[in-house]
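A.B. asks: Below are the chains, spelled out letter by letter.
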Amino acid sequence: MWFPTAWLLIALYGLSLAAVGSSAVDVDFMSVRPTVAKEYSGKGGEPGPKYFKESDFHYHYDGRFADQELSDDETIPHLSELIRTYLSTMADLGAETWIMHGTLLAWWWNQKIFPWDNDLDVQISEPTIHFLADYYNMTEHHFEIPGVEGGRTYLLEINPNYVIRSTDDKLNVIDARWVDTSSGLFIDITAVRKDDERREQGDPGALMCKDGHRFDETEIFPLRNSYFEGVPVKIPFEYVRLLKKEYGSKSMTATTFQGHHFNDVTEVWDKQRKRQFWRRQPVDVPVRTTPLGPLFR
Amino acid sequence: MASTHHHYQHDTENLDYSSDGSDDVPFLQNALNPSRRVKRYTRPLIDYVRNEWQSNTKYSGSSPDRSDTPGWVQMVLSIITAPRFRRYAIIYTTLFMSCLLGWEFVLSPRLQEHTELTKSLDPKLEEKVGGWYGTNALPSFERVIQLKKLDASLLPAKEAPESGKESTRRLVVVGDVHGCSTELERLLEEVTFNEQTDHLIFAGDLINKGPDSPGVVDLARKYSASCVRGNHEDRVLLVRQELAEMDAMTDTSGDEFMDGLSTSRAQKDLRLARNLTDEQADWLDACPVILNVGHIPTMGQVAVVHGGLVPGVDFDKQDPFSVMNMLSIDLDTHLPSSTRDGKKWTKFFNKHQSLNYKSSKHADAQATETQATTVIYGHDSKTSLNIKTYTKGLDSGCVKGGKLTALVITDGGEQKVIQVRCNNYLEK
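Quick note, the sequences are listed as chains S and G, same order. At position 159 of the first sequence the residue is numbered 159 (our numbering), and the sequence of numbers has no breaks. At position 273 of the second sequence the residue is numbered 273 (our numbering), and the sequence of numbers has no breaks.
Just so you know, these hints were derived from the structure itself, not from any lab. Because the structure is a prediction, the values reported are computed rather than measured.
Some but not every residue of chain S turned toward chain G, in silico, with C-beta under 8 Å:
no., residue
1, N110
2, E217
3, N225
4, S226
5, E238
6, Y239
7, K250
8, A254
9, E267
Just so you know, even glycine gets a beta-carbon here, dropped at the ideal spot from N, CA and C.
Please model the entire structure based on the sequences and the hints provided.
C.D. replies: Following this line, the structure appears as structure tokens:
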């Protein structure tokens, strides 16, 4: 497998060998050919060891960049900048990407991240993951962010096991990550691949992800142009059908979710306060520093 | 003779009867006392025959079990074997069976549907399921127009024309054309379309599948027709938008790297997207998802869409994908579906309208008409022409050899359906 040309190309494209070399993954012909979308050798590849690690304090933080969770107030603005920078970077690179799963449902409601969310789901096509892996793996992208001194740096990291096209590679179902190096929050990027098995059975539009999700090309393509968190985003063609398949009808109609209520006037998810029937609204209450005795709790 | 005598005494109700042994005596007495005669013979006369027919065993062979079986069985047997009974039995069984079948397959499902639909519109259900369709903040799509209002000067007059006179203005709403330009021209001839007085409206899916999509668009532009965005326009226009972004409108070299082109359907969409001129594509792009026609007598507020509408939800709160693709509806959440996995949306729509607006019909007919909404739509060629009170389905499957349908609305809101036959363009 170790063609001299492969070595040469890897060096040329500046692919990080550190990411690949230490792991047991074989760099095969696919990873060094930028133009070919399909693996013509027909093999799915052997499952590899887990590449992306989650922090030990929370599974949605990258332990290399954080030692603790963000507070609830900080999480949403961080996630918002995370998806905004990701979407604009991909648009700049000409890499087609679209939102899926929980993020698509959040878009359905008010084109904003759910206030209780701490992860985001985006998808890319197979040619795109090859393109990103070949040219933009381990690239850092710095953004000026209003109200954030010095801005933030984001890292695009590709899972080298992306060349393995089998759902058996259970530890590497996420193909890439867009990581906020200031907080450790990240976006999971999954590649949508041609499902060769189902296509052989006479289903010409069959698609799959390594996480086991199955789609049809007509459900996703052609992509629609909409907005999410104020920036342009691509939406799968049959979004209602996809959401219904994944979350059921009520997910798009029920206005109470995860302790939040959708306000149909402001079109925002309001946090439901406990005992809101009798407690008065706390308006400008002075902040106590000495603790109250147990009698007054 | 003694046994016969005894028998006789036993069977008659007469208790003080002294016989002298003569056979004629009872009959004589009967003649003398007619009131008594009526009561006396409680069995068929044949039983009173007193020759050897009853006693001699040589006759008993003809009815061997008669004496063994109880009386009621005999009676039942005689009834059943009677020709009149058999006739009635057949009549009543048929009647019963048809009642049963009618209940099972007509009345019961209709009642059940009525209860189902009524229940699905109960406001209490909204609370129970946590909310109904139409509360989310509608997403906006680039270059997709949600709603347009038809110029009121194009509407037919409010008053019906006097007898013998022609309608001053007409609306001609045409179902899914799918590139069948010859059939469209024939249909316009059939309705004697007059550019000066008539306005043409397309219920979406003018293009794709059929032989001459650009020709249909040109015809529509020639007559300055109105239109709505169908699911086929939606797909083809999105592909065209993508081609423009990639600068690949004429350059096909990059096609193999484009996503979502594995199916033959996607290939057709791509070819058509390239075949359209900028003018044709711009005209199609200007078609809104919902066309608000305005108020027409006898129809109320009229809207033209491709797929359908959910009743009780404002036009600007109707999800565009659902409006273009709706076939059925989930009765709990009122979420429309692009497949047939729920109740037909038209049934739900008509029930909603009749529940809300029919009750006040006697009180104020005019007010009712202004409040109710009538939807004119296409998309559902499987159901074909489907004219109901508040929903008018016009897709009668022209491109697959069905018919092309126009709904002609004249002064006073009178409607007429006009159809022409089509070639089958899908059969190869």
